[in-house]
Amino acid sequence: MSLLKAVNLFLDRHEGVQTVHGGNAVVGSIWPPGSPWGNSDVNEWKGFRASSKEEDRIEARSIIQDGGYTNLSVEVLCRNVYITQCEYFDNQLRELGLNPVLNMADIGTIEEKTQSGNYQLQLASMPSLFPSETAANYISTNPHALARHGDPKVDELLDKINTTADAIERAKITKEFERYFSYEQSYGTFWWWEVSVLAYRSHVKGVPIPHQNVQNNTDYATTWLDE
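Quick note on this note's numbering: the sequence shown kicks off at 1 and runs consecutively.
It is possible that part of the hints are untrue.
Using C-beta positions, here's what the derived DEER-type ranges look like [what the hints assert, rightly or not]:
#	residue 1	residue 2	range
1	S51	Y180	22 to 32 Å
2	M104	I168	16 to 26 Å
3	G206	I58	31 to 41 Å
4	A165	E54	44 to 54 Å
5	E54	Y180	22 to 32 Å
6	P127	V101	21 to 31 Å
7	Q18	T141	34 to 44 Å
Derived lysine-lysine pairs resembling DSSO-like cross-links, with alpha carbons at most 30 Å apart [what the hints assert, rightly or not]:
#	residue 1	residue 2
8	K160	K172
9	K175	K53
10	K160	K175
11	K172	K53
12	K113	K153
13	K153	K175
14	K205	K46
15	K53	K205
16	K153	K46
17	K205	K175
18	K53	K160
Keep in mind that the hints were calculated from the coordinates and are not lab data.
Note that CB positions come from ideal geometry on N, CA and C, so glycine has one too.
Let's have the full structure, built from the sequences with the hints guiding it.
Structure follows, in structure tokens:
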């Protein structure tokens, strides 16, 4: 996992927030910043914190050189609606010393390759507001899972998350899972949470604002015009 660790250390998330989203995003990990399920110190983790980015990048390049990964060709499977994010990731990998090849694909091809495991790296959106949503994306027995790891500890933590009724204890486990998966093991490189903007006129009332996936809940059954 040294290659994934190098990528995790090197990626400049804070620069990406500005470059990709014009500042309309917040650096975070598996759960959004401020979530009771996530760690409050994510921005202090190596690779995530802005204050040590240069030191982290030096360490990342050392991992690449020492591991013999310099100029390694890596195929990056990327959904075709994420072109801006994919281009940023491509540039970051090149700065790290790798030779990425972007494979832009539609959602059907993405699903097929995900299930078969026919890819090296995949850039995907993996939002999780609630712990019960998390298992499908990370459990090793799901052929559609976006994160591949083969680590029984991950599955064990996910099982505890889904079977623990006590909210306080559950939050402890979700934080342990987040730290272990995204930071200690670097099984996935998590970037940020995009802040979406829904614009509407002042006389439009009752507009539903989902906390996640703003394309959802758009039947506007509660919406009315004050005219």
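Here is what the structure says about each hint:
1. Range check, S51 to Y180: Cβ separation about 24 Å, and the 22 to 32 Å hint holds.
2. As the Cβ distance of M104 to I168 is approximately 44 Å, the hint placing it in 16 to 26 Å is violated.
3. At about 53 Å, the CB distance of G206 to I58 disagrees with the hint of 31 to 41 Å.
4. Distance hint for A165 and E54: a CB-CB separation of about 45 Å, consistent with the stated range 44 to 54 Å.
5. The hinted window of 22 to 32 Å between E54 and Y180 holds, with their beta carbons roughly 26 Å apart.
6. Separated by about 27 Å at the C-beta atoms, P127 and V101 satisfy the suggested range of 21 to 31 Å.
7. Checked against the given bound of 34 to 44 Å, the beta carbons of Q18 and T141, roughly 39 Å apart, stay inside it.
8. Taking the CA atoms of K160 and K172, the gap is about 11 Å. The hint holds against a cut of 30 Å.
9. The hinted pair formed by K175 and K53 meets the criterion: a straight-line CA distance of about 23 Å does not exceed 30 Å.
10. In summary, the hint linking K160 to K175 is supported, as the alpha carbons are separated by about 12 Å, within the 30 Å threshold.
11. As the CA atoms of K172 and K53 are separated by approximately 28 Å, the hinted pair is consistent with the 30 Å bound.
12. A hinted pair counts as satisfied when its Cα atoms are at most 30 Å apart, and K113 with K153 qualifies at roughly 25 Å.
13. Taking the CA atoms of K153 and K175, the gap is near 14 Å; set against the 30 Å cutoff, the hint holds.
14. Restraint check for K205 and K46: not satisfied, since their Cα atoms lie roughly 44 Å apart, outside the 30 Å limit.
15. Using a Cα cut-off of 30 Å, the hinted pair K53 and K205 is violated, with the two alpha carbons roughly 44 Å apart.
16. Between K153 and K46 the CA atoms are separated by roughly 22 Å; this keeps the pair inside 30 Å, and the hint holds.
17. Between the alpha carbons of K205 and K175 the distance comes to roughly 38 Å, so the proposed pair goes past 30 Å and is violated.
18. Taken as a hint, the K53 and K160 pair is broken in the structure, with Cα atoms around 34 Å apart against an allowance of 30 Å.
In terms of the numbered hints stated before, the structure departs from hints 2, 3, 14, 15, 17, 18, listed from lowest to highest.
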